[in-house]
Amino acid sequence: MDILWAQGTALTAREVGKLISDRDLAPTTVMTVLDRLTRKGFLTRTRDGRAWRYQPVRSRDAYVAELMLEALDLTGDRSAALTRFAQAVSDDEAEILRKALLELEEE
Amino acid sequence: MIAAVALALLSIGCVVAAWRLASARWTWRAPRIAILLWQSIGLTWGLASTGALLAYALQPYGQGVVYGLHRYFDSAISLGLGRGLRTPYDLSRSVAFVAGVALLALLIAVLVAAIWQTLRARRRHRMLLSLTAREDPHVPGVRILDHPGATAYCVPGLRAEVVVSAGALRLLSKDELAAVLAHEDAHVRERHDLVLLPFAALRRAIPWARIVRDAQASVALLVEMAADDRARRHCSPRRLATALLRFGTAGGVPTPQGAIGAAGHVMARVNRLIQPGAELPRPFRYGMLALSAVLTVSAPCLWVMPH
Numbered sequence: 001m002d003i004l005w006a007q008g009t010a011l012t013a014r015e016v017g018k019l020i021s022d023r024d025l026a027p028t029t030v031m032t033v034l035d036r037l038t039r040k041g042f043l044t045r046t047r048d049g050r051a052w053r054y055q056p057v058r059s060r061d062a063y064v065a066e067l068m069l070e071a072l073d074l075t076g077d078r079s080a081a082l083t084r085f086a087q088a089v090s091d092d093e094a095e096i097l098r099k100a101l102l103e104l105e106e107e
Numbered sequence: 001m002i003a004a005v006a007l008a009l010l011s012i013g014c015v016v017a018a019w020r021l022a023s024a025r026w027t028w029r030a031p032r033i034a035i036l037l038w039q040s041i042g043l044t045w046g047l048a049s050t051g052a053l054l055a056y057a058l059q060p061y062g063q064g065v066v067y068g069l070h071r072y073f074d075s076a077i078s079l080g081l082g083r084g085l086r087t088p089y090d091l092s093r094s095v096a097f098v099a100g101v102a103l104l105a106l107l108i109a110v111l112v113a114a115i116w117q118t119l120r121a122r123r124r125h126r127m128l129l130s131l132t133a134r135e136d137p138h139v140p141g142v143r144i145l146d147h148p149g150a151t152a153y154c155v156p157g158l159r160a161e162v163v164v165s166a167g168a169l170r171l172l173s174k175d176e177l178a179a180v181l182a183h184e185d186a187h188v189r190e191r192h193d194l195v196l197l198p199f200a201a202l203r204r205a206i207p208w209a210r211i212v213r214d215a216q217a218s219v220a221l222l223v224e225m226a227a228d229d230r231a232r233r234h235c236s237p238r239r240l241a242t243a244l245l246r247f248g249t250a251g252g253v254p255t256p257q258g259a260i261g262a263a264g265h266v267m268a269r270v271n272r273l274i275q276p277g278a279e280l281p282r283p284f285r286y287g288m289l290a291l292s293a294v295l296t297v298s299a300p301c302l303w304v305m306p307h
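First to last, the protein sequences are chains A and B.
So the first sequence is numbered by my numbering: it starts at 1 and just counts up by one.
So the second sequence is numbered by my numbering: it starts at 1 and just counts up by one.
It should be emphasised that the hints constitute simulated quantities derived from the structure, not laboratory data.
In this text, all values refer to a predicted model and were calculated from it rather than measured experimentally.
Each residue gets a CB set at the ideal place from its N, CA and C atoms; glycine is no exception.
One should not assume that every hint holds.
[As the list claims (entries may be wrong)] Partial selection, computed: residues in chain B whose CB lies under 7 Å from chain A:
{"no.": "1", "residue": "L128"}
{"no.": "2", "residue": "T132"}
{"no.": "3", "residue": "I144"}
{"no.": "4", "residue": "G149"}
{"no.": "5", "residue": "C154"}
{"no.": "6", "residue": "V155"}
{"no.": "7", "residue": "H187"}
{"no.": "8", "residue": "H192"}
{"no.": "9", "residue": "H234"}
{"no.": "10", "residue": "C235"}
{"no.": "11", "residue": "S236"}
{"no.": "12", "residue": "T242"}
{"no.": "13", "residue": "Q275"}
{"no.": "14", "residue": "E279"}
{"no.": "15", "residue": "P281"}
Taking the hints into account, I'd like the entire structure generated from these sequences.
See below:
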C-alpha cells in the first residue's frame, strides 16, 4: 500500500514486487495481498494486457483523516468502538483549562 | 398480580435511582462501585419493565412469567388445543403481552445491533491502522498516526491497540506520555468498552430520552475516572493531570457535537487527580454494593415467582 501511495501511478503486481526490496516475496504473495485489498475496497484495478494495474482508491491522508474523525468522536454515531483519553473541548472552555494548566505548572 | 406490581415498582424505582445517580457526586470518589451500580440499574430496568408487562399478561396462568411464557408458546404451537387456557384473553392482557414481548425483543435487538456495528467499525479501524499507522522504537507497542491533531485512544478487543497521534507526541512530555499510556492500558485491561456498550446502544436507540443520555454520559465519565485511578498507581497523577489539560487546550481540532461541558468533565478529573477526596465510609460502600447485588437478583426472582 505504501508503495502504491508513494508511486502515485497504477502498478502491476510484478512492479510492486520489484519495489519491495527489503523482503524477497513471491509474486503470487504480492498478487494475493493486492487482490485482497481490492476486494476490501482499498484498491481499484484496471486491465492492462494480461496483467492488472492496481491503484489506491483514496490517498493515505484521506484514511488518516478518517481514523482521526473516529478518534475524536466526530462521526456523530456515538458508538463505543473506541475508548478515548480526552475529549476535545470548545474554544471558550479551553480557556478555563489553559488557566488551570498554568497554575499547575507554576506550583 | 403481586409480581406484576412489584416489577412495575422496581422499574420505576430504577428510573428514579438512575436519575439520582446521574446527579450524585459521591460516585466520583468510588467510580468502580458507581459503575457496578449503573450496570445493575440498567439490567434490572430492562428486566423489570418487560417483566411487569408480561407478568400482567400471563397472570391467568398463575405461575409467573417464565412458566407463563412457556405455557403460552406451548399452547400457541398446538394451536390453542391441549393444555392452553380455556378462558379467552381479554384485550388489556393481549396488549400488555404484545408490548412486553416487543419491548424485550427491541432491547435485545438494540444490543445485538450495537455489538455488530461496534465490531464492524473496529475491524475497519484496525485495517486502516495497519495500512497507515507506523511504529516508533521510542514508544514500543504503540501505533502512531501521522496527524497534527492531538489524540490518544485504544481500539479495544482481544488484541487491543493503543494509538497516539503525532500531534499528541509533540504535545506531551515523556512523563505525560507514559501517564497517558498507563491510562489507555487501564481501559484495555478492565475492558471498559464492554461497560459502555449497552449504555451507548440504548442512547442510540432512544436519543431523545434525557435519562438515558445522562446515564450514558455519567458512565462514560466514571469509566475515565476508573482508568485514571488505575493509571495513577503506575505514574505520577500530576503528569496525568497536566496531560489531560494539554489535550484540552491543544485546539486545532473541531469539537464534537454535544461536547458542551467537556471542560467540566476534564476539570473534574484533574481536580481528583491533584486532590483525591477521602475514601467513602466503609458502610456506605458496602451498602451500595449490597444494593446493586439485591437489584440484580430481584428482577430474575420476580420473573420466576408464581403469582
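Each hint, compared with the structure:
1. For the restraint placing L128 (chain B) at the interface with chain A, the shortest Cβ-Cβ distance is roughly 5 Å, inside the 7 Å limit, so the hint holds.
2. Checking T132 (chain B) against chain A: minimum C-beta separation of about 5 Å stays under 7 Å; hint holds.
3. Contact between I144 (chain B) and chain A, as hinted, is not supported at the beta carbon level, the nearest pair being about 11 Å apart and thus beyond 7 Å.
4. Using the Cβ-Cβ criterion of 7 Å, the hint placing G149 (chain B) at the interface with chain A is satisfied: the shortest such distance is roughly 6 Å.
5. Taking 7 Å as the C-beta contact cut-off toward chain A, the hint placing C154 (chain B) at the interface holds, the least distance being around 5 Å.
6. At a threshold of 7 Å, the smallest CB-CB gap from V155 (chain B) to chain A is about 6 Å, leaving the interface hint in force.
7. Look at H187 (chain B): its Cβ gets to within about 4 Å of chain A, closer than 7 Å, so that hint holds up.
8. Satisfaction of the interface hint for H192 (chain B) is found here, the shortest Cβ-Cβ separation to chain A being roughly 6 Å, below the 7 Å cut-off.
9. Taken as an interface hint, H234 (chain B) does not check out: its beta carbon lies about 15 Å from the nearest beta carbon of chain A, beyond 7 Å.
10. Given hint, C235 (chain B) at the interface with chain A, is violated; its Cβ is 13 Å from that chain's nearest Cβ, farther than 7 Å.
11. Contact between S236 (chain B) and chain A, as hinted, is not supported at the beta carbon level, the nearest pair being about 12 Å apart and thus beyond 7 Å.
12. Here the hint on T242 (chain B) is kept, as its CB sits about 6 Å from the closest CB of chain A, short of 7 Å.
13. Using the Cβ-Cβ criterion of 7 Å, the hint placing Q275 (chain B) at the interface with chain A is not satisfied: the shortest such distance is roughly 12 Å.
14. Look at E279 (chain B): its Cβ only gets to about 24 Å from chain A, farther than 7 Å, so that hint breaks.
15. For P281 (chain B), the interface hint is violated, since its Cβ never comes within 7 Å of a Cβ in chain A; the closest pair sits about 30 Å apart.
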